[in-house]
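Residue numbers for the sequence shown, in numbering that gives the first Met the number 0: 0 to 255.
No lab work stands behind these hints, which were simulated from the structure alone. Remember, predicted model here, so these are calculated numbers, not experimental data. All clues stand as given, with none of them false.
Below are the BS3-like pairs computed for lysine-lysine, each with C-alpha atoms no more than 25 Å apart in a straight line:
(1) Lys194 / Lys247
(2) Lys105 / Lys138
(3) Lys107 / Lys77
(4) Lys138 / Lys77
(5) Lys98 / Lys119
(6) Lys151 / Lys119
(7) Lys215 / Lys27
(8) Lys181 / Lys194
(9) Lys107 / Lys138
(10) Lys215 / Lys255
(11) Lys175 / Lys2
(12) Lys248 / Lys27
(13) Lys247 / Lys215
(14) Lys247 / Lys219
(15) Lys194 / Lys242
(16) Lys219 / Lys255
(17) Lys235 / Lys255
(18) Lys255 / Lys242
(19) Lys107 / Lys119
(20) Lys151 / Lys255
(21) Lys247 / Lys235
(22) Lys194 / Lys215
(23) Lys175 / Lys27
(24) Lys77 / Lys181
(25) Lys194 / Lys151
(26) Lys194 / Lys255
(27) Lys235 / Lys248
(28) Lys151 / Lys27
(29) Lys181 / Lys2
(30) Lys255 / Lys27
(31) Lys181 / Lys219
Taking CB as the label site, the calculated pair distances span:
(32) Asp74 / Arg222: 31 to 41 Å
(33) Cys169 / Glu100: 25 to 35 Å
(34) Asp82 / Glu212: 24 to 34 Å
By construction, the Cβ of each residue, glycine as well, lies at the ideal position given by its N, Cα and C atoms.
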Amino acid sequence: MHKAGFVNIIGNPNVGKSTLMNSLVGEKLSIITSKAQTTRHRILGIVNGEDFQLVLSDTPGVIKPSYELQSSMMDFVKTAIEDADILIYMIEIGESSLKDENLFNKIKSSSIPVVVLINKIDLSNQEELENQVSEWSTKLPNAEIFPISALKEFQVDNLLQRLIELLPECPPYFPKDQLTDKPERFFVNEIIREKILINYNKEIPYSVEILTEEFKEDEKIIRIRSVIMVERNSQKGIIIGHKGSALKKIGIESRK
0 MHKAGFVNII GNPNVGKSTL MNSLVGEKLS IITSKAQTTR HRILGIVNGE DFQLVLSDTP
60 GVIKPSYELQ SSMMDFVKTA IEDADILIYM IEIGESSLKD ENLFNKIKSS SIPVVVLINK
120 IDLSNQEELE NQVSEWSTKL PNAEIFPISA LKEFQVDNLL QRLIELLPEC PPYFPKDQLT
180 DKPERFFVNE IIREKILINY NKEIPYSVEI LTEEFKEDEK IIRIRSVIMV ERNSQKGIII
240 GHKGSALKKI GIESRK
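My request is simple: use the sequences and hints to build the entire structure.
Right, dumping it as structure tokens:
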């Protein structure tokens, strides 16, 4: 018997969704920063075993969209709720609601297994944790409540085993040696965008798009040429920095 299914992770910004997926997959597929809306795209991470395949989906943090890109990102989240075999709703200690009530109602009325992950429990005490478990058991009575620390990898292995148990019987969706649905160029773009998110403030990180024009693997080196596109000409100078210092820093950090 083989089991396989899509396990989709949703939640507010910065609750640890990307950290969780990277931990479960064992590879850094989703970039991680302290800024909200770091994840723009729906990214699949695939965990394979002899008799199972877990297809994880990391989604953008739930917000009330104020412009077109954010609306598109929220469409990814809606789709993730609709096509999941198992839904992970991830929260952090002290959190009491999802930022979109309609999406929360979709979760509440869902007929598929829902697992509420209470993340960052390493930052809480026992009383806070017990109160949080009680609160969410009332709000989502049909869901399983699972306290974890994705960053410290506390309870992550137990979570993985439970997700495997909940998978439906199904042949694998992807080849067993595949880790993700995204090509290498996508991850090159994401690494560069991560460094921009870390090194620039205000609107700059959210106003850029990365395009990799060349990706060539030689025997001893990988040659990459990427273009950073900005919304306005005035942003070019900020990205480049004094005598190219800021852009050089992005290049150095992206190569590490």
